[in-house]
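If you're matching them up, the sequences are chains A and B in order.
Numbered according to the UniProt record's numbering, the first sequence spans residues 1 to 251.
Numbered according to the UniProt record's numbering, the second sequence spans residues 1 to 251.
Some clues are possibly wrong.
To be verified - Quick look at which bits of chain A chain B covers, simulated, 3 or more residues with Cβ under 8 Å:
id: 1; region: 40 to 51
id: 2; region: 198 to 204
Said to hold, decoys possible - Once the Cα atoms are required to be at most 20 Å apart in a straight line, the calculated EDC-like pairs of lysine to aspartate or glutamate come out as:
id: 3; chain 1: B; residue 1: Lys100; chain 2: B; residue 2: Asp115
id: 4; chain 1: B; residue 1: Lys211; chain 2: A; residue 2: Glu20
id: 5; chain 1: B; residue 1: Lys154; chain 2: B; residue 2: Glu20
id: 6; chain 1: A; residue 1: Lys138; chain 2: A; residue 2: Glu92
id: 7; chain 1: A; residue 1: Lys236; chain 2: A; residue 2: Asp181
id: 8; chain 1: B; residue 1: Lys138; chain 2: B; residue 2: Glu179
id: 9; chain 1: B; residue 1: Lys30; chain 2: A; residue 2: Glu18
id: 10; chain 1: A; residue 1: Lys211; chain 2: B; residue 2: Asp19
id: 11; chain 1: B; residue 1: Lys175; chain 2: B; residue 2: Glu232
id: 12; chain 1: A; residue 1: Lys213; chain 2: B; residue 2: Asp14
id: 13; chain 1: A; residue 1: Lys183; chain 2: B; residue 2: Glu103
id: 14; chain 1: A; residue 1: Lys189; chain 2: B; residue 2: Asp115
id: 15; chain 1: A; residue 1: Lys215; chain 2: B; residue 2: Glu47
id: 16; chain 1: A; residue 1: Lys189; chain 2: B; residue 2: Glu18
id: 17; chain 1: A; residue 1: Lys211; chain 2: A; residue 2: Glu226
id: 18; chain 1: A; residue 1: Lys175; chain 2: A; residue 2: Asp229
id: 19; chain 1: A; residue 1: Lys213; chain 2: B; residue 2: Asp19
id: 20; chain 1: B; residue 1: Lys213; chain 2: A; residue 2: Glu20
id: 21; chain 1: B; residue 1: Lys213; chain 2: A; residue 2: Glu18
id: 22; chain 1: B; residue 1: Lys189; chain 2: A; residue 2: Glu119
id: 23; chain 1: A; residue 1: Lys27; chain 2: B; residue 2: Glu18
id: 24; chain 1: A; residue 1: Lys213; chain 2: A; residue 2: Glu177
id: 25; chain 1: A; residue 1: Lys26; chain 2: B; residue 2: Glu18
id: 26; chain 1: A; residue 1: Lys27; chain 2: B; residue 2: Asp14
id: 27; chain 1: B; residue 1: Lys183; chain 2: A; residue 2: Asp115
id: 28; chain 1: B; residue 1: Lys183; chain 2: A; residue 2: Glu103
id: 29; chain 1: A; residue 1: Lys236; chain 2: A; residue 2: Glu182
id: 30; chain 1: B; residue 1: Lys56; chain 2: A; residue 2: Glu177
id: 31; chain 1: A; residue 1: Lys49; chain 2: A; residue 2: Glu103
id: 32; chain 1: A; residue 1: Lys183; chain 2: B; residue 2: Glu116
id: 33; chain 1: B; residue 1: Lys27; chain 2: A; residue 2: Asp14
id: 34; chain 1: A; residue 1: Lys56; chain 2: B; residue 2: Glu47
id: 35; chain 1: A; residue 1: Lys183; chain 2: A; residue 2: Glu210
id: 36; chain 1: A; residue 1: Lys26; chain 2: B; residue 2: Asp115
id: 37; chain 1: B; residue 1: Lys32; chain 2: A; residue 2: Glu96
id: 38; chain 1: A; residue 1: Lys213; chain 2: B; residue 2: Glu103
id: 39; chain 1: B; residue 1: Lys243; chain 2: B; residue 2: Glu179
Don't read these hints as lab results, they were simulated from the structure.
Don't be surprised by glycine CBs; every beta carbon is placed ideally from N, CA and C.
There are 2 protein chains.
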Amino acid sequence: MRIALIIIGDEILDGLREDENFRVAKKYLKNKGSLDLLIFVRDNLNELKRVLNFVKNSFDIVLTSGGLGLTPDDITLRAFSEAFNLPLAKNEKKLEIVKKNIERVNAIQYTNFIDELSEGLSGSTPIENPKGVAAGEKIKIENTTFYILPGVPKEFEAILKIILTDFTSNKRINKVEYEVDEKEARLIKVLREVEYNFNVKTASYPPIHEKEKLKIILYGNGWLKEAKDYFENTLKNAKIPFKEISPSHTS
Amino acid sequence: MRIALIIIGDEILDGLREDENFRVAKKYLKNKGSLDLLIFVRDNLNELKRVLNFVKNSFDIVLTSGGLGLTPDDITLRAFSEAFNLPLAKNEKKLEIVKKNIERVNAIQYTNFIDELSEGLSGSTPIENPKGVAAGEKIKIENTTFYILPGVPKEFEAILKIILTDFTSNKRINKVEYEVDEKEARLIKVLREVEYNFNVKTASYPPIHEKEKLKIILYGNGWLKEAKDYFENTLKNAKIPFKEISPSHTS
Chain A
1 MRIALIIIGD EILDGLREDE NFRVAKKYLK NKGSLDLLIF VRDNLNELKR VLNFVKNSFD
61 IVLTSGGLGL TPDDITLRAF SEAFNLPLAK NEKKLEIVKK NIERVNAIQY TNFIDELSEG
121 LSGSTPIENP KGVAAGEKIK IENTTFYILP GVPKEFEAIL KIILTDFTSN KRINKVEYEV
181 DEKEARLIKV LREVEYNFNV KTASYPPIHE KEKLKIILYG NGWLKEAKDY FENTLKNAKI
241 PFKEISPSHT S
Chain B
1 MRIALIIIGD EILDGLREDE NFRVAKKYLK NKGSLDLLIF VRDNLNELKR VLNFVKNSFD
61 IVLTSGGLGL TPDDITLRAF SEAFNLPLAK NEKKLEIVKK NIERVNAIQY TNFIDELSEG
121 LSGSTPIENP KGVAAGEKIK IENTTFYILP GVPKEFEAIL KIILTDFTSN KRINKVEYEV
181 DEKEARLIKV LREVEYNFNV KTASYPPIHE KEKLKIILYG NGWLKEAKDY FENTLKNAKI
241 PFKEISPSHT S
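Starting from the given sequences, assemble the full structure and let the hints guide the process.
Structure below.
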């Protein structure tokens with residue numbers, strides 16, 4: 001299952017605020033599939049429309065975060081509507097959710113805007129928002145299911161918990177992780193041999209802080225057991241210290 | 001000047017590592033122009049090629065971070081080469097930089113790979129790397145100038161300092177910022193009026209932590225002075241407490 005996350009809002013790109021929703025998404029999606037792409041985009045209608053078209057059909061699931069409010073910088077539903085030619089119209093289920101939410105949070109100020117808050121993309125399914133007012137939406141466009149969520153982290157998290165049951169769990173790929181006490185440059189050859197001979201993938205993360213060690217990962221559906229043996233033996237023969245840090249190489 | 005940043009590497013998306021280069025980029029680009037798009041993409045050749053094609057011609061400057069090493073997961077130059085049909089070939093200036101770097105850091109292990117490290121995109125200009133071995137590259141493709149930088153944060157930062165003089169400074173737009181002690185919902189109308197009547201843009205950031213207040217920004221090249229007066233008077237009349245937190249509304 002391929003997943004993309006789009007976080008909408010000037011505040012992150014301008015450094016006015018640290019993003020929290022990527023962290024939240026990572027936590028909840030951990031066992032569901034890899035997050036394959038993460039995009040931060042401004043509250044800019046045309047930019048967001050371009051991004052939505054870019055991710056459509058390249059991912060099974062796209063989560064968006066932000067821009068569901070009623071201030072002029074909230075442009076997410078309009079962007080979906082224009083990008084995919086879907087009219088916005090009053091949605092009875094959305095109206096129900098919003099009414100209930102307004103009552104729950106005592107948000108008398110929203111009653112003036114209840115008509116707007118109950119507008120949804122034609123063909124979408126509203127999603128409950130247990131922590132705020134605006135409802136989320138789920139809509140399948142060609143091969144991609146979009147989950148349109150509010151950006152306030154506690155609302156984003158609460159809705160993510162609800163929709164998570166929708167996601168099928170990914171088969172975990174086999175993986176071995178190592179810490180290696182050596183410069184990356186001395187491992188280039190063995191990593192290339194591992195990829196070439198055993199049809200597994202390798203990843204190499206050089207330390208960027210003191211105390212960190214080079215991290216090497218072998219993974220995938222090739223001959224991982226044989227790759228592991230070959231990699232470890234090569235390191236031992238070269239007297240390069242290493243430590244396996246993965247719990248095990250089974251799934 | 002429109003700028004995009006592409007951060008390449010599985011480690012961020014998998015949560016193995018926190019990104020640092022967005023923070024670094026924000027710091028250095030602050031006075032040069034807004035960062036308009038930020039993309040985190042995996043070490044996946046096809047995904048990266050698609051992303052490169054997506055940003056081409058939509059931004060004046062695109063910075064990429066990561067994937068310039070020699071392990072099999074380093075695929076950035078190959079992605080550029082295939083995405084834009086640019087052959088990779090030995091570059092004499094890159095060779096010079098790399099030789100000097102290897103000497104400087106005493107990286108005897110890299111001498112085996114010096115031929116590969118001196119390969120560059122045809123038509124690119126190599127960029128010094130004062131903190132590491134691999135050189136960066138600058139290449140203009142149609143209307144977009146790409147700066148291809150290594151991902152190790154100290155190298156990314158050091159090169160960013162060098163290339164920053166290339167970037168023309170953006171005219172700063174006029175801006176007034178406020179903290180307002182009220183729910184966002186009660187300001188929807190006045191923000192819409194401000195946008196409609198004075199041709200300025202507004203942004204609204206509800207508090208996400210306790211103690212935070214709603215932040216409102218009015219900005220742009222419309223009648224900002226008049227918009228400011230109108231906004232402040234409306235709040236005063238409604239007895240809504242607010243505080244201007246921008247140093248001033250001039251550029």
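Status of each hint after checking the structure:
1. 40 to 51: holds (count 8)
2. 198 to 204: holds (count 4)
3. Lys100/B <-> Asp115/B: Distance of about 14 Å is within 20 Å: holds.
4. Lys211/B <-> Glu20/A: Given pair lysine 211/B, glutamate 20/A holds - Cα atoms ~17 Å apart, limit 20 Å.
5. Lys154/B <-> Glu20/B: OK: lysine 154/B and glutamate 20/B at ~10 Å, within 20 Å.
6. Lys138/A <-> Glu92/A: Given that 20 Å is the threshold and the Cα spacing comes to 15 Å, the pair holds.
7. Lys236/A <-> Asp181/A: OK: lysine 236/A and aspartate 181/A at ~12 Å, within 20 Å.
8. Lys138/B <-> Glu179/B: violated, 42 Å
9. Lys30/B <-> Glu18/A: holds, 16 Å
10. Lys211/A <-> Asp19/B: With a Cα-Cα distance of about 18 Å, the restraint between lysine 211/A and aspartate 19/B holds, given a limit of 20 Å.
11. Lys175/B <-> Glu232/B: holds, 14 Å
12. Lys213/A <-> Asp14/B: The hint holds at about 18 Å.
13. Lys183/A <-> Glu103/B: It holds: about 16 Å lies between the C-alpha atoms, which stays within 20 Å.
14. Lys189/A <-> Asp115/B: With a Cα-Cα distance of about 15 Å, the restraint between lysine 189/A and aspartate 115/B holds, given a limit of 20 Å.
15. Lys215/A <-> Glu47/B: violated, 23 Å
16. Lys189/A <-> Glu18/B: The hint is violated at about 28 Å.
17. Lys211/A <-> Glu226/A: Violated, at about 30 Å.
18. Lys175/A <-> Asp229/A: holds, 13 Å
19. Lys213/A <-> Asp19/B: This hinted pair holds, its Cα atoms lying about 17 Å apart.
20. Lys213/B <-> Glu20/A: Judged against 20 Å, a Cα distance of about 18 Å means the pair holds.
21. Lys213/B <-> Glu18/A: Since the Cα atoms of lysine 213/B and glutamate 18/A sit roughly 16 Å apart, the hinted pair holds (cutoff 20 Å).
22. Lys189/B <-> Glu119/A: OK: lysine 189/B and glutamate 119/A at ~18 Å, within 20 Å.
23. Lys27/A <-> Glu18/B: holds, 14 Å
24. Lys213/A <-> Glu177/A: holds, 12 Å
25. Lys26/A <-> Glu18/B: holds, 12 Å
26. Lys27/A <-> Asp14/B: holds, 10 Å
27. Lys183/B <-> Asp115/A: holds, 19 Å
28. Lys183/B <-> Glu103/A: holds, 16 Å
29. Lys236/A <-> Glu182/A: holds, 12 Å
30. Lys56/B <-> Glu177/A: Violated, at about 36 Å.
31. Lys49/A <-> Glu103/A: violated, 33 Å
32. Lys183/A <-> Glu116/B: holds, 18 Å
33. Lys27/B <-> Asp14/A: holds, 10 Å
34. Lys56/A <-> Glu47/B: Holds - the C-alpha atoms of glutamate 47/B and lysine 56/A are around 13 Å apart, at most 20 Å.
35. Lys183/A <-> Glu210/A: Status holds; Cα separation ~13 Å.
36. Lys26/A <-> Asp115/B: Not satisfied, since the Cα-Cα distance of roughly 39 Å exceeds 20 Å.
37. Lys32/B <-> Glu96/A: violated, 47 Å
38. Lys213/A <-> Glu103/B: With Cα atoms ~23 Å apart, lysine 213/A and glutamate 103/B exceed 20 Å; violated.
39. Lys243/B <-> Glu179/B: holds, 5 Å
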